[in-house]
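In order, the protein sequences belong to chains F and Y. Residue numbers for the first sequence follow our numbering, so the first one is 1 and each next one is one higher. Residue numbers for the second sequence follow our numbering, so the first one is 1 and each next one is one higher.
Think of the hints as simulated: they come from the structure by calculation, not from any bench. It is possible that part of the hints are untrue.
[Stated by the list, open to error] Under 7 angstroms between C-beta atoms, here's a sample of chain F residues computed to sit facing chain Y:
1) ASP102
2) VAL280
3) ALA282
4) LEU285
5) VAL304
6) VAL308
[To be verified] Label-pair distances were calculated between CB atoms; the ranges are:
7) F/ALA73 with Y/PRO30: 27 to 33 angstroms
8) Y/PRO254 with F/VAL308: 46 to 52 angstroms
9) F/THR278 with Y/GLN239: 17 to 23 angstroms
10) Y/ASP277 with F/ARG168: 58 to 64 angstroms
11) Y/PHE276 with F/PRO138: 46 to 52 angstroms
12) Y/ASP277 with F/ARG23: 50 to 56 angstroms
13) Y/GLY178 with F/PRO134: 43 to 49 angstroms
14) F/PRO297 with Y/ASP108: 34 to 40 angstroms
15) F/PRO240 with Y/THR278: 45 to 51 angstroms
[To be verified] Covered, in the sense of this in silico footprint (three residues per stretch, anywhere, with C-beta under 8 angstroms from a C-beta of chain F), are these stretches of chain Y:
16) 270-284
17) 299-310
By construction, the Cβ of each residue, glycine as well, lies at the ideal position given by its N, Cα and C atoms.
Number of protein chains: 2
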Amino acid sequence: MDVIVGGGVVGLSLAWRLAREGRPVTLVDPAPASGASHAAAGMLAPVSEVTYTEVPLLRLGVASLRRWPAFAAELAADAGLAGPEALDLRSEGTLDVAFGADDLAALDELAAYLEKLELPVRRLTGRECRRLEPMLAPSVRGGLLAVGDSWVDPRRVTAALLAALDRRGVQLVRARVGELLRDGGRVTGVRLEPPGGDDRRAELRAERVILAAGAWSAGLAEVPVRPVKGQIMRLRSPQPLLTRCVRGTVHGTPVYLVPRGDGELVVGATQEEMGFDTRVTAGGLYELLRDARELVPGVTELEVSDVVAGLRPGTPDNLPLIGPSGTPGLALATGHHRGGVLLAPLTADILLGEEGELAAMCSPGRFRDIS
Amino acid sequence: MDVIVGGGVVGLSLAWRLAREGRPVTLVDPAPASGASHAAAGMLAPVSEVTYTEVPLLRLGVASLRRWPAFAAELAADAGLAGPEALDLRSEGTLDVAFGADDLAALDELAAYLEKLELPVRRLTGRECRRLEPMLAPSVRGGLLAVGDSWVDPRRVTAALLAALDRRGVQLVRARVGELLRDGGRVTGVRLEPPGGDDRRAELRAERVILAAGAWSAGLAEVPVRPVKGQIMRLRSPQPLLTRCVRGTVHGTPVYLVPRGDGELVVGATQEEMGFDTRVTAGGLYELLRDARELVPGVTELEVSDVVAGLRPGTPDNLPLIGPSGTPGLALATGHHRGGVLLAPLTADILLGEEGELAAMCSPGRFRDIS
Numbered sequence: 001m002d003v004i005v006g007g008g009v010v011g012l013s014l015a016w017r018l019a020r021e022g023r024p025v026t027l028v029d030p031a032p033a034s035g036a037s038h039a040a041a042g043m044l045a046p047v048s049e050v051t052y053t054e055v056p057l058l059r060l061g062v063a064s065l066r067r068w069p070a071f072a073a074e075l076a077a078d079a080g081l082a083g084p085e086a087l088d089l090r091s092e093g094t095l096d097v098a099f100g101a102d103d104l105a106a107l108d109e110l111a112a113y114l115e116k117l118e119l120p121v122r123r124l125t126g127r128e129c130r131r132l133e134p135m136l137a138p139s140v141r142g143g144l145l146a147v148g149d150s151w152v153d154p155r156r157v158t159a160a161l162l163a164a165l166d167r168r169g170v171q172l173v174r175a176r177v178g179e180l181l182r183d184g185g186r187v188t189g190v191r192l193e194p195p196g197g198d199d200r201r202a203e204l205r206a207e208r209v210i211l212a213a214g215a216w217s218a219g220l221a222e223v224p225v226r227p228v229k230g231q232i233m234r235l236r237s238p239q240p241l242l243t244r245c246v247r248g249t250v251h252g253t254p255v256y257l258v259p260r261g262d263g264e265l266v267v268g269a270t271q272e273e274m275g276f277d278t279r280v281t282a283g284g285l286y287e288l289l290r291d292a293r294e295l296v297p298g299v300t301e302l303e304v305s306d307v308v309a310g311l312r313p314g315t316p317d318n319l320p321l322i323g324p325s326g327t328p329g330l331a332l333a334t335g336h337h338r339g340g341v342l343l344a345p346l347t348a349d350i351l352l353g354e355e356g357e358l359a360a361m362c363s364p365g366r367f368r369d370i371s
Numbered sequence: 001m002d003v004i005v006g007g008g009v010v011g012l013s014l015a016w017r018l019a020r021e022g023r024p025v026t027l028v029d030p031a032p033a034s035g036a037s038h039a040a041a042g043m044l045a046p047v048s049e050v051t052y053t054e055v056p057l058l059r060l061g062v063a064s065l066r067r068w069p070a071f072a073a074e075l076a077a078d079a080g081l082a083g084p085e086a087l088d089l090r091s092e093g094t095l096d097v098a099f100g101a102d103d104l105a106a107l108d109e110l111a112a113y114l115e116k117l118e119l120p121v122r123r124l125t126g127r128e129c130r131r132l133e134p135m136l137a138p139s140v141r142g143g144l145l146a147v148g149d150s151w152v153d154p155r156r157v158t159a160a161l162l163a164a165l166d167r168r169g170v171q172l173v174r175a176r177v178g179e180l181l182r183d184g185g186r187v188t189g190v191r192l193e194p195p196g197g198d199d200r201r202a203e204l205r206a207e208r209v210i211l212a213a214g215a216w217s218a219g220l221a222e223v224p225v226r227p228v229k230g231q232i233m234r235l236r237s238p239q240p241l242l243t244r245c246v247r248g249t250v251h252g253t254p255v256y257l258v259p260r261g262d263g264e265l266v267v268g269a270t271q272e273e274m275g276f277d278t279r280v281t282a283g284g285l286y287e288l289l290r291d292a293r294e295l296v297p298g299v300t301e302l303e304v305s306d307v308v309a310g311l312r313p314g315t316p317d318n319l320p321l322i323g324p325s326g327t328p329g330l331a332l333a334t335g336h337h338r339g340g341v342l343l344a345p346l347t348a349d350i351l352l353g354e355e356g357e358l359a360a361m362c363s364p365g366r367f368r369d370i371s
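Can you build the whole structure from these sequences, using the hints too?
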């Protein structure tokens, strides 16, 4: 049996895929779908997220984005939903906007670079941007539309995954894993933290433990992940203000706005190296509000419906850790940083052994001393 | 019997005072202590709140502030608290700070004006301000310390009032008043809104109905009050950042910071004419955060623990409406706008007939057509 440690979008997707393959699996999490996946905006935006140094991440993202329509359709069917639209999967693209001459020059360079990679983008004037998105600030001088970029509601996705697991009878253990059980050089299961004053220490034996505990993975094994704090805000409007994702760099900080069909508008996100700190701070909120106003002044009138901080699992090279660790009996599916939702379908394929070259890029073996 | 409609700080204080006098009283509110009193910061700051046109309001405030120490001591005793410090009543004064030359000139004028009224103030340099409050922004160039201004935690005050009422056996009816009962030209009681689908319409008969329903008073009688929306934020710090209330005008907007002994820091407040709208908005939060940062840059690091919007009951002349209305059987204790917490002790005195000249200033009779 496989035991998956961690019920975020990655762990849940893995459990679901394994269950679909008819493989026995148990998932352990004290509070599934409440960590980074709960905070996430759900951008499936490999193209507009790209930077020059991150071609490998771009390739992973593009490969996983291609899997999303089928993943969503199968998940919706398995969860008993009417259809994939119940996950709010949308593909109108991401509009990256520029305010100043420097920003515009950067967009031109990015457009040329993406075209060389044969990725579908369209360079737009400020007027063209506002024709697509009339609520954009008048000061927007140009933009780049990443045509294929998509987005999804991660809270609906994890809820659907939980429903699908339930329908397939997958065991979900709502407990914290205190440590991995080890026998000689091998991982043989997990020990559960006793709740409250209970000192019965339950153990779960496993042929394979898959560590999908995000930023908390480093507490259970020697894994080079660290928490990268992100504060994110949800606004609510009677009608949607935007029809697609909008991004921009304001005061040197990237900010994005993700619209949902029901009028929710997600504003994200800070990136802070603060350790295991999930406080929503005055400074974090201030930056999000300030930058969102610069992009779309009309957000001022919207209700603030939710503010939350999550911890992304960052790695030294910004690529995830997926596959067998150096230790027999232990596999990893962690380190997805900002890409957990996007990369969930690909991560399952890699762990099921379906990907050669892409799997190699994510192999934990690229770091020494994982155990 | 008196029936008081409204369980904010004003209605609760009245009920408590009447009960202490041995007079039968019933208080009706669907959710006591949850409206403007819950949102309020609790500044007892008649001096620093003064403007040139509001000498009557200043006189009311100074008179009520003088009553606060005894009010707090008696309330604490009646509520079974250890002492008035359980209400977090503090009197280190309010520091009004200035950034630019215009602000400084305004502070000089205000100081001269207050000295003429024999109110205790001290004019300070920027350096003196920072000696008192080291977390103040370096750009603060001067200040005015209103020595006698105080503050209190309104949530503790309303909780203590509810406890005191309970200990005195005062009946608290948790229901909404649908309308006033009228017989000929006289108010004879209230009709309660049936909860849910229940169509029993309970009535409460009263010799006198005291309308203390704040911004909602105008829905029950012809009273010139309107809702003035205020958004307010609570931050949390391990140690208090400030030792006294700090106010200032930033970007033309007044902002204040009220510190509590437990590290809470209240940042207030917007003033918006939006009708009965209690949404917390992106624009409201943005202004509070922006202006608080200008006064005390260190707030950036603090956790945001609460954000709420309340509706102050504004009147055409910014003075409350306290005393008999034109209609027999109906008295008013409403229209306290930003001053409900400060004016609660005086309001009770006025309604008990203990104040002559001050009562005349608050008399509903100054407006025609109240009924």
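Status of each hint after checking the structure:
| no. | hint | result |
| --- | --- | --- |
| 1 | ASP102 | violated (25 angstroms) |
| 2 | VAL280 | holds (5 angstroms) |
| 3 | ALA282 | holds (5 angstroms) |
| 4 | LEU285 | holds (6 angstroms) |
| 5 | VAL304 | holds (5 angstroms) |
| 6 | VAL308 | violated (11 angstroms) |
| 7 | F/ALA73 with Y/PRO30: 27 to 33 angstroms | violated (47 angstroms) |
| 8 | Y/PRO254 with F/VAL308: 46 to 52 angstroms | violated (31 angstroms) |
| 9 | F/THR278 with Y/GLN239: 17 to 23 angstroms | holds (21 angstroms) |
| 10 | Y/ASP277 with F/ARG168: 58 to 64 angstroms | violated (46 angstroms) |
| 11 | Y/PHE276 with F/PRO138: 46 to 52 angstroms | violated (33 angstroms) |
| 12 | Y/ASP277 with F/ARG23: 50 to 56 angstroms | holds (54 angstroms) |
| 13 | Y/GLY178 with F/PRO134: 43 to 49 angstroms | holds (44 angstroms) |
| 14 | F/PRO297 with Y/ASP108: 34 to 40 angstroms | holds (37 angstroms) |
| 15 | F/PRO240 with Y/THR278: 45 to 51 angstroms | violated (23 angstroms) |
| 16 | 270-284 | holds (count 5) |
| 17 | 299-310 | holds (count 7) |
The structure fails to meet hints 1, 6, 7, 8, 10, 11 and 15 from the earlier list, while all remaining hints are met.
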